[in-house]
Amino acid sequence: MRAVVALTLLAGTLAACGDDGDSGGRPTINWYNFPEDSGALQKAADRCSQASGGRYRIVYNKLPRAADGQRQQMVRRLAAEDDSLDILGLDVTWAAEFAEAGWIREWTGEMKRQAMEGTLRVPIQTATWKGKLYAVPYNTNTQLLWYRKDLVPDPPKTWAEMLDKARELARQRKPHYVEIQGAQYEGLTVWFNTLINSAGGSILNASATEPSLGAPAVRAASIMRELAKSPAADPSLPNQMEDANRLAMEAGVAAFQLNYPFVYPSMKANNPQLFKNFAWAPYPRVDEDRPARPTIGGIDLAVSAYSRHPDLAFEAALCLRNRENQLTAALEGGLPPTLRALYDEPAFQKEYPFHREVLAALQSASVRPRTPAYQNVSIAVSHTLSPPSEIDPESSVDTIRDQIDKALRSEGVIP
Amino acid sequence: MTDRPPRGNALSEGARQERRLGWLLCAPAVIVMLAVTAYPIGYAVYLSLQRYDLRFPGRAEFVGLDNYGAVLSSPFWWDAFWVTLFITGVSVAIELVLGMGLALVMHRTLFWRGTIRTAVLIPYGIVTVVAAFSWQYAWTPDLGYLAELLPEGDAPLTEQWPALWLIVLAEVWKTTPFMALLLLAGLALVPDETLKAAMVDGATAWQRFVRIMLPLMKPAILVALLFRTLDAFRIFDNIYILTAGAQDTGSVSILGYDNLFTALNLGIGSAISVLIFICVGIIAFTFVKLFGAAAPGAEVKR
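Top line first, the protein sequences correspond to chains A and B.
Once you know that position 398 of the first sequence is 398 in the working numbering, the rest is easy, because the numbers rise by one and skip nothing.
Once you know that position 27 of the second sequence is 442 in the working numbering, the rest is easy, because the numbers rise by one and skip nothing.
No lab work stands behind these hints: they were computed from the structure.
Warning: the hint list may mix true and false statements.
The following label-pair restraints were derived from C-beta to C-beta distances [to be verified]:
#1 A/Gly-118 with B/Leu-561: 50 to 56 Å
#2 A/Lys-157 with B/Asp-569: 37 to 43 Å
#3 B/Asp-569 with A/Glu-332: 36 to 42 Å
#4 A/Glu-390 with B/Ile-456: 38 to 44 Å
If you want the ones that stay clear, here's a sample from chain B, every Cβ over 10 Å from chain A, calculated [what the hints assert, rightly or not]:
#5 Ile-456
#6 Arg-523
#7 Gln-551
#8 Gly-559
#9 Leu-579
#10 Glu-608
#11 Ala-620
#12 Ile-627
#13 Ile-656
#14 Leu-670
#15 Thr-677
Here are a few chain B residues that sit away from chain A, every Cβ distance over 12 Å (derived from the structure) [claimed, not checked]:
#16 Ala-430
#17 Leu-439
#18 Met-448
#19 Val-478
#20 Ala-485
#21 Leu-525
#22 Phe-526
#23 Arg-528
#24 Thr-530
#25 Val-545
#26 Leu-564
#27 Arg-626
#28 Arg-649
#29 Gln-662
#30 Ile-669
#31 Ile-687
Every residue gets a Cβ at the ideal spot worked out from N, C-alpha and C, and that includes glycine.
Make a model of the complete structure from these sequences and hints.
Structure below.
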């Protein structure tokens with residue numbers, strides 16, 4: 001008797017779980033994205049639900065804060081063919097992986113046209129795999145050189161110039177550190193990727209079938225080593241991530257910083273004295289005659305292959321990243337937009353005094369290796385190049401080549 | 416129960432029915448056991464023989480023992496293996512000594528016995544992940560009260576050896592009560608008369624402990640050691656929270672998790688899981704064969 005009661009209760013719960021959440025026949029579009037605190041994303045979800053005229057309702061579900069946690073949650077659910085995910089906010093390095101696994105839908109026809117219209121070229125590249133578009137760029141991001149005007153009247157154009165300036169400042173016993181992400185994590189891969197692309201090379205070949213590396217890779221590794229061995233290196237370089245860089249610059253011990261634009265409002269709030277001398281310039285070049293190619297970041301929106309309302313999801317994704325919502329995200333959430341036209345928008349320009357440099361950087365930006373095995377490639381790079389002071393350019397690049405080779409064939413163990 | 420009933424058909428019928436009832440009664444348990452243990456283990460073994468990467472579903476194929484070769488020839492596996500062995504050996508040794516001390520205290524207490532036993536058990540009652548988070552905050556510079564005690568600029572969780580010792584500390588703090596509880600049960604096996612007789616014969620406290628209590632407690636000690644060694648070898652949650660395996664502090668379980676859930680490589684990841692399973696099997700087998708550890712409650716042959 002008790003078993004029957006228990007079974008009935010269980011069935012009731014299961015039925016409740018199976019409920020679509022369709023309130024009054026209106027389908028729910030579940031949007032999974034990184035947790036955003038300013039409320040700009042929630043605002044976009046509400047606006048688009050409203051604008052749909054009752055055809056759908058977007059629910060913004062917050063993923064874990066760390067990128068690894070976001071990816072793991074989505075991957076696990078997609079591997080189990082969970083149909084309660086509709087729009088996925090993917091880091092720019094995940095599109096290839098999700099597409100190859102068959103977890104996200106290709107963008108075609110009219111939807112594709114609308115997704116590409118007016119969108120910056122490099123962000124589109126991050127959402128493209130094997131010549132097909134798998135996501136629509138939401139926001140983007142890239143690094144600039146931030147420096148102290150009082151110490152360095154003219155910003156350096158190249159890495160060599162910057163390291164020379166730092167050495168000179170060190171001799172004068174002035175703040176001289178170059179703040180950059182040297183810890184063993186994704187940021188170290190980004191640094192290497194920027195340098196190798198600025199030197200005219202790339203980590204993988206164009207079709208992502210094998211490592212390219214070569215002389216530009218050795219060049220990139222040598223620069224990393226040179227910085228780590230010079231007086232320009234912060235003693236905690238091998239443990240530093242973006243936020244530690246920001247704090248060091250705000251504390252006044254550094255002359256240069258390679259970082260994302262979030263450091264600007266932070267300096268304004270935390271150290272108004274230094275803020276007066278806080279200036280920005282394009283990312284330093286490797287060779288004088290070749291523009292730097294800083295690595296691009298950001299989020300792309302994809303539609304899950306298991307979504308029960310794919311057509312509505314495509315439409316909703318386009319709405320979430322339309323001009324109005326991207327402007328709100330930029331002004332309130334500090335997320336640089338992927339629509340070219342917004343960089344001419346006065347409201348945006350006022351909030352982003354460095355908009356010209358950011359746009360120029362985005363137009364010459366590089367993307368990280370596009371391969372389903374990106375996680376392994378990135379771990380191979382950051383694991384081998386950490387700590388930067390122990391890089392042996394030739395042999396480190398050989399190690400990276402060997403590990404990437406294995407990763408691309410799904411053979412190696414990752415640490 | 417014998418196979419052939421000694422007398423008559425009627426009784427044989429009854430015995431057969433009894434046996435059938437016995438099977439029927441344990442069938443649900445057998446089915447559940449098969450479903451929740453045998454099937455996943457078998458499936459993991461099957462996956463470990465495949466090249467199966469979720470990101471390249473088109474490339475799945477049977478590769479025999481290649482994945483095991485890749486894991487066993489990888490320095491990452493051996494690094495993780497030695498780290499795991501270090502954590503297991505050191506933490507179980509410390510727990511045994513501390514646990515014995517606590518057990519003696521709990522056994523001998525005359526006042527507030529219940530209160531003391533409860534107090535000792537508190538760490539064991541706290542969820543490991545919650546405890547690990549509080550250790551992590553405690554050791555984080557500028558946030559934690561323990562990090563305050565260290566010289567300025569020290570971040571112990573970001574260096575290999577300090578981090579490993581902190582992991583051992585968290586593990587010991589958490590599971591010593593469990594060890595103490597098992598040893599307390601063993602202490603109950605030591606008859607008071609024997610101890611009193613030894614006292615009359617002039618044995619010192621140390622002699623009574625080493626010559627009488629320890630030999631009589633041997634089965635309980637071995638069971639406690641076996642349980643803790645098996646548990647410690649599979650350590651995951653403390654490391655996952657404290658360092659996430661950075662700076663070469665990852666255990667074999669962390670390595671398996673990273674290959675399964677970060678790399679999505681089900682073949683390699685399953686091979687690692689099966690290897691962990693084999694290691695655990697070897698530990699259990701060694702304990703049982705070498706020291707004659709028995710399941711709790713079983714008779715010990717003398």
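Reported absence of B/Ile-669 from the contact zone with chain A (all CB gaps over 12 Å): violated, 10 Å
No chain A beta carbon within 12 Å of B/Leu-525's: holds, 45 Å
Assessment of proposed distance window 38 to 44 Å (beta carbons of A/Glu-390, B/Ile-456): Taking Cβ atoms as reference, A/Glu-390 and B/Ile-456 lie about 42 Å apart, which means the hint holds.
Assertion that B/Leu-439 lies farther than 12 Å from chain A (Cβ): holds, 16 Å
Chain A versus B/Ile-687 - minimum CB to CB distance exceeding 12 Å, so not interface: Check fails; 8 Å does not lie beyond 12 Å.
Interface exclusion of B/Phe-526 relative to chain A, criterion Cβ beyond 12 Å: holds, 44 Å
Consistency of the no-contact label for B/Ala-620, given chain A and a CB cut of 10 Å: Non-interface label stands for B/Ala-620: nearest chain A Cβ at 50 Å, farther than 10 Å.
Whether B/Arg-649 stays farther than 12 Å from all C-beta atoms of chain A, as the label says: Non-interface label stands for B/Arg-649: nearest chain A Cβ at 18 Å, farther than 12 Å.
Separation of B/Val-478 from chain A, once the least beta-carbon distance is taken, above 12 Å: violated, 9 Å
Reported absence of B/Ala-430 from the contact zone with chain A (all CB gaps over 12 Å): holds, 30 Å
Least C-beta distance between B/Val-545 and chain A, which was stated to exceed 12 Å: holds, 17 Å
Separation of B/Met-448 from chain A, once the least beta-carbon distance is taken, above 12 Å: holds, 20 Å
When each numbered hint is compared with the structure, violations occur for hints 14, 15, 19, 20, 29, 30 and 31.
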